[in-house]
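**Q** Chain residues, written in single-letter form:
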Amino acid sequence: MTVESTAAHKPRRSAGTKSTAGRRTTAKKPTGAEPDLVQLLTPEGARVKNAEFDKYVAGITPEDLRGLYRDMVLTRRFDAEATALQRQGELGLWASLLGQEAAQIGSGRALRDDDYVFPTYREHGVAWCRGVDPTNLLGMFRGVNHGGWDPNTNNFHLYTIVIGSQTLHATGYAMGITKDGADSAVIAYFGDGASSQGDVAESFTFSAVYNAPVVFFCQNNQWAISEPTEKQTRVPLYQRAQGFGFPGVRVDGNDVLACLAVTRWALERARSGEGPTLVEAYTYRMGAHTTSDDPTKYRADEEREAWEAKDPILRLRAHLESAHHTDEGFFAELEAESEALGRRVREAVRAMPDPDHFAIFENVYADGHALVDEERAQFAAYQASFADAEGGK
Amino acid sequence: MAAEKTALAKAINESLRHALETDPKVLVMGEDVGKLGGVFRVTDGLQKDFGESRVIDTPLAESGIVGTAIGLALRGYRPVVEIQFDGFVFPAYDQIVTQLAKMHARSLGKVKLPVVVRIPYGGGIGAVEHHSESPESLFAHVSGLKVVSPSDASDAYWMMQQAIQSDDPVIFFEPKRRYWDKAEVNTEAIPGPLHKARVVREGTDLTLAAYGPMVKLCREAADAAAEEGKSLEVVDLRSVSPLDFDTVQTSVEKTRRLVVVHEAPVFFGSGAEIAARITERCFYHLEAPVLRVGGYHAPYPPARLEEEYLPGLDRVLDAVDRALAY
Numbered sequence: 001m002t003v004e005s006t007a008a009h010k011p012r013r014s015a016g017t018k019s020t021a022g023r024r025t026t027a028k029k030p031t032g033a034e035p036d037l038v039q040l041l042t043p044e045g046a047r048v049k050n051a052e053f054d055k056y057v058a059g060i061t062p063e064d065l066r067g068l069y070r071d072m073v074l075t076r077r078f079d080a081e082a083t084a085l086q087r088q089g090e091l092g093l094w095a096s097l098l099g100q101e102a103a104q105i106g107s108g109r110a111l112r113d114d115d116y117v118f119p120t121y122r123e124h125g126v127a128w129c130r131g132v133d134p135t136n137l138l139g140m141f142r143g144v145n146h147g148g149w150d151p152n153t154n155n156f157h158l159y160t161i162v163i164g165s166q167t168l169h170a171t172g173y174a175m176g177i178t179k180d181g182a183d184s185a186v187i188a189y190f191g192d193g194a195s196s197q198g199d200v201a202e203s204f205t206f207s208a209v210y211n212a213p214v215v216f217f218c219q220n221n222q223w224a225i226s227e228p229t230e231k232q233t234r235v236p237l238y239q240r241a242q243g244f245g246f247p248g249v250r251v252d253g254n255d256v257l258a259c260l261a262v263t264r265w266a267l268e269r270a271r272s273g274e275g276p277t278l279v280e281a282y283t284y285r286m287g288a289h290t291t292s293d294d295p296t297k298y299r300a301d302e303e304r305e306a307w308e309a310k311d312p313i314l315r316l317r318a319h320l321e322s323a324h325h326t327d328e329g330f331f332a333e334l335e336a337e338s339e340a341l342g343r344r345v346r347e348a349v350r351a352m353p354d355p356d357h358f359a360i361f362e363n364v365y366a367d368g369h370a371l372v373d374e375e376r377a378q379f380a381a382y383q384a385s386f387a388d389a390e391g392g393k
Numbered sequence: 001m002a003a004e005k006t007a008l009a010k011a012i013n014e015s016l017r018h019a020l021e022t023d024p025k026v027l028v029m030g031e032d033v034g035k036l037g038g039v040f041r042v043t044d045g046l047q048k049d050f051g052e053s054r055v056i057d058t059p060l061a062e063s064g065i066v067g068t069a070i071g072l073a074l075r076g077y078r079p080v081v082e083i084q085f086d087g088f089v090f091p092a093y094d095q096i097v098t099q100l101a102k103m104h105a106r107s108l109g110k111v112k113l114p115v116v117v118r119i120p121y122g123g124g125i126g127a128v129e130h131h132s133e134s135p136e137s138l139f140a141h142v143s144g145l146k147v148v149s150p151s152d153a154s155d156a157y158w159m160m161q162q163a164i165q166s167d168d169p170v171i172f173f174e175p176k177r178r179y180w181d182k183a184e185v186n187t188e189a190i191p192g193p194l195h196k197a198r199v200v201r202e203g204t205d206l207t208l209a210a211y212g213p214m215v216k217l218c219r220e221a222a223d224a225a226a227e228e229g230k231s232l233e234v235v236d237l238r239s240v241s242p243l244d245f246d247t248v249q250t251s252v253e254k255t256r257r258l259v260v261v262h263e264a265p266v267f268f269g270s271g272a273e274i275a276a277r278i279t280e281r282c283f284y285h286l287e288a289p290v291l292r293v294g295g296y297h298a299p300y301p302p303a304r305l306e307e308e309y310l311p312g313l314d315r316v317l318d319a320v321d322r323a324l325a326y
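Protein chains in written order, with UniProt numbering: chain A, 1 to 393; chain B, 1 to 326.
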């Protein structure tokens, strides 16, 4: 497709022209996939042509495809290990990304090193793409810190738990890129639930007004804990962009190739001064919201089974095999690598020390604060009183 | 030449101008801060001289203003954002409390957010609802934030410089009813650290502690009390978080009595914290309980009732009399 300017944008994908507001009196489930869904690989792994987006993956090699497959498999393996570690009591909580590997790997691999990522708390696959050590993601879920990595090492911000807040940080960061005259871009991840937050609407407004180079990547995984998407919106989410004056597109979130292509397109728009883009990756949260959640209370097994047939990893595997891009050795090596990753993560978590007690008072302020100093001293004296008592025995 | 006097609003304007001139990373953001120069003209002329990229008229969305300021700070900028009025800050409260205040700690010190949030606050100007509030305690209660309030033009100039230079987020409460009060501003000499209280009038019988708009009232109360032969010391706290308890303690150890004055409601206000800590520090010096004068546990009233709601000269002197009667 040709890159459209914001002003000239035709509501081709953001097809909000059929006014839903005037006719319906009750909200209806947002329309599913076709014909708006950008898909390059069918669930059976067949490559389908797309006149607009093919060019964004035109140069992709078998090695690239194997790389995407490897990323997804290792991310899923890591995720499964983290879930198991929660069940074993090593983590307090885990938010699984199961089912969303294609959306995260496809978008994550579209990024350049100098781009900046603002994740929610479920972007383990994107973190993987950025080079964040997976074990660093587990500190907050184990309860030893609130985020154990330097955001500027990999241009991957800390996980944000209050949903939607980070879309404004992403927008501000993108405004800064513009002021610096750089051609980097920002990607902000959020979900269907967060799309209802005022901060997301405000980030759309600010990014549009300032033409900020930001890609809003919404993983619509159909469920915000127990609330289905129709409790958040009565139009398909990608159509929201139209009202703010920038394009929105819905992509098959279980198709890693399509996610890669669409995100590359959106990033190219950002880099070339065309401002924000909304990408809605239509996917499914295969597991619970977190390990504390019980999805059997609110959704039917049949729904999950229907999505299993669209599994992102099986889809790419089918494509790789039918194109003879892989052999048994590749899968065996990857299997061994997966198990090694699982083992490494398991051992790292078990070896993760509890923080020093005085960490409570660390980094509360950059320039210090008299009250924090005073309370640290009181805490130290209190702790020391036990040592004195023991020493006196 | 004879020192020229500058209005408090103009002093902040000059302080912002100086920061914009000396540090290319400083930005000014907010509603109507550009062409209009802000509803109180605090940013008057800045956009004309520094351009729309550095003095930024924002959409009317306070959460968006603070949220994008956080993002700009992450990119290396030092945004000074204006919240147009005290009562308008609450759409941004989540971003301030949940994000701005905590990001340094949750990044284990890797991220610094040098953001200044300017809030014209307090009553006494006959304004409509939501334009006269004093929410400083709601911010002082949050670790990770620093909260300051100048009482005169000189402090306004210098404390703004220091707030902008701080690597921590600073909530900068501007006493809007004192915007037009003039004082000498020496732009050559820093008067002292940002978070240090200052004895602005010495006395021996009782200490009045206040900040922002109430410092002037306390000085007037000390003048009135002097006519009755009572010697009041006045401490300008200047900073609510951190709060310089040492200076208050030194004063109270001398005067043995303390009255805290603020416009904010007394209940759970900064006066309560000061009373608790000074009681603990000065228990054997105190001749009277620490008393507080402030707003009531009621919504800020319509303008024609605000003189009854706000601490005035008589209410301060009444509290002084009660403290001296112990």
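These aren't lab readings, by the way, just hints derived from the structure by calculation.
Remember, predicted model here, so these are calculated numbers, not experimental data.
Please note that the accuracy of each hint is not assured.
If you anchor each label on the Cβ, the simulated ranges turn out as follows [claimed, not checked]: (1) A:Ser385 x B:Val97: 50 to 60 Å; (2) B:Ser53 x A:Asp367: 22 to 32 Å; (3) A:Ala380 x B:Thr250: 19 to 29 Å; (4) A:Arg376 x B:Asp223: 37 to 47 Å; (5) B:Asp223 x A:Ile161: 47 to 57 Å; (6) A:Gly131 x B:Ser143: 31 to 41 Å.
Backbone N, C-alpha and C define an ideal beta-carbon position, used for all residues, glycine too.
**Q** Could you work out which of the previously given hints the structure breaks and list their numbers from low to high?
**A** Checked against the structure, the only hint that fails is number 1, while the rest are satisfied.
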